[in-house]
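If you're matching them up, the sequences are chains A and B in order.
Sequential numbering of the first sequence, starting at 26, is according to the working numbering.
Sequential numbering of the second sequence, starting at 1009, is according to the working numbering.
Hints listed in this document are in silico derivations from the structure and should not be mistaken for laboratory results.
Predicted model, so just to flag it, every value in this text is computed and none were measured.
Even glycine gets a Cβ: it sits at the ideal position worked out from N, Cα and C.
One or more hints might be untrue.
Label pairs and their calculated CB-CB ranges [stated by the list, open to error]: (1) A:K42 x B:Y1105: 50 to 60 Å; (2) A:D516 x B:T1055: 49 to 59 Å; (3) B:E1065 x A:I322: 43 to 53 Å; (4) A:I27 x B:T1055: 41 to 51 Å; (5) A:E268 x B:E1065: 16 to 26 Å; (6) A:Q135 x B:G1103: 46 to 56 Å; (7) A:E71 x B:G1103: 13 to 23 Å; (8) B:K1017 x A:E71: 19 to 29 Å; (9) B:K1017 x A:D323: 30 to 40 Å; (10) B:K1018 x A:S51: 54 to 64 Å; (11) A:I322 x B:G1056: 49 to 59 Å; (12) B:Y1105 x A:S260: 25 to 35 Å.
From chain A, some residues computed to sit far from chain B (all C-beta separations above 10 Å) [said to hold, decoys possible]: (13) S36; (14) K42; (15) E47; (16) D70; (17) N120; (18) I122; (19) P124; (20) Q135; (21) E257; (22) Q281; (23) K292; (24) G330; (25) L331; (26) I388; (27) S394; (28) Q422.
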Amino acid sequence: MINSSLKQLASMLQAKKISSVELTQSFLTRITQYNPSINAYIALDEAKTLAQAKAADVRIAAGNATALTGIPLAQKDIFCAQGWKTTCGSKMLANFIAPYDAHVITQFDQAGAVNLGKTNMDEFAMGSSNETSYFGGVKNPWSFDHVPGGSSGGSAAAVAARLCAAATGTDTGGSIRQPASLCGLTGLKPSYGVVSRYGMIAFASSLDQAGPMAKSAEDCALMMNVMAGFDERDSTSLQRDKEDYSRELNKPQTDQPLLGLKIGLPKEFFAEGLDESVAQVITAAIDVYKKLGAQIIDISLPNTGLSIPVYYVLAPAEASSNLSRYDGVRYGHRAAEYADLNDMYNKSRAEGFGAEVKRRILIGTYVLSAGYYDAYYLKAQQIRRLIAHDFIEAFKQCDVIMGPAAPSTAFKAGEKVDDPVAMYLQDIYTISTNLAGLPGMSLPAGFAQTKDAPALPVGLQIIGNYFDEARMLNVAHQYQQVTDWHQQMPDLKRA
Amino acid sequence: MALSIEDIKKIAHLARIEVSESEATATLSKLTGILGLIEQMQAVDTTGIVPMSHAQELHQRLRDDVVTKSNQREAFQKNAPVLGNGSTQPAVAGGLYLVPKVIE
């Protein structure tokens, strides 16, 4: 049951083979058993969770169930959920109880989904290993010595360890796709503006986007049906018609369902820096796509290498502005002892933020300071356009772009934590998508054997054109019809 | 351009983050590494390229000038920090937030 798809769970619930309370309880039991070692959840509230499950059972009995009614989900701790501790992985918000719901939370509540708890994450979503969390790192369920990736590391570990049916994540530079890759799950970052950012704690507002992290593309589509849609409370939410993201999953039903699909392989995604073991898995996955009828086209995204420098100007600049709200006045951490107002700000922020968050605030402050604006911020915005233009050109030749989601499998905890630049390079294949605002996803494509470690998951990245999520999900789903990587589960007793 | 310890202290002041002498030294080496990465941008000729500030070309939406939110002061003030400087009380009084005196 823990490995069932969302569709299977929904049909069991609606056929009354199991109640939502029973299903929820079975996940809560697993959480009690495994979370102390994995640390995927940082806030649990059994009473609240079971009350939602009971309400879902009433709704199912009344015949008003939706596709997700009664299904237990995990929510990244970046989403405000009324009455829940909402910390964003930071000491700054360690005691913050959200007074309202994020749009995404409201949408799941209205669909009748059950919130199992809030998942661990890198502090303010700044990190690629979950090691910057104030609440401690998260173990990769495939090997407890390894990181789950980040920043949505808790959500990734919760889905991989089957401690929830599916989860939410957010992705500013790869924070859904890289952990999905490292933990062997399917994660989708939608086009910018598709999911409302209302109530989602801001990191870099022009890049932040929420999306689903689940076992399969089919599950991601069902999650998207709930998460996506216009919300007037987010000024960048796009006014588009409501979509059914499942609509293209099974079309067309033939031996070569992807006949005619043009897949672009950017040479920059297979250049120096990519682990050989990962490259082999990706090549094998591309071979599967050829059998499904796809045509492979060599393309180039020449400015890929610049995406990291550009990102580490723009994201910290936006972060330094967004995080200026944490001043110890109205909420969040305030220093115990201070002399005057400035001293209160200085000490509260020095104590409340961790090292990586401070680094990014300082970088952002520097690049925006007088005399440097043109050389850094403006320059980065200009190169951002070049990067976006690369994709526009590429999509004239192909329908989707494929490559690795991350340059390596999961690395060991502690391995990169003291070397920010090495950590930043984890996102080399994901960041450009955020800069362009395009949708991207990662799906499990196999395992790579690395030295002195068990075989670890590898993620295949699919990048689509703007608003092409339904087609990307079709492309991923068809692969998942002929492979079973997405159904593999880690052995938690051995990890 | 190479950063100095004095630069770090100045930036930290602008960002309102207290840094000790030893933290400033450690931060200097990390930030120098990151700026080295960022420096790669300078090799690109961007003459005439329109800066891209956002992923979507958006216009600010206008809404009707009507009240959409109710007063939730009490709910919001439940999250007030502890006053500090010897007091364990929340930093609120009479519906206001308490901060050190700012006007002499």
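Among all the numbered hints in the text so far, which are the ones the structure does not match?
Those not satisfied are hints 3, 4, 6, 7, 8, 9, 11, 17, 18, 19, 21, 24, 25, 26 and 27.
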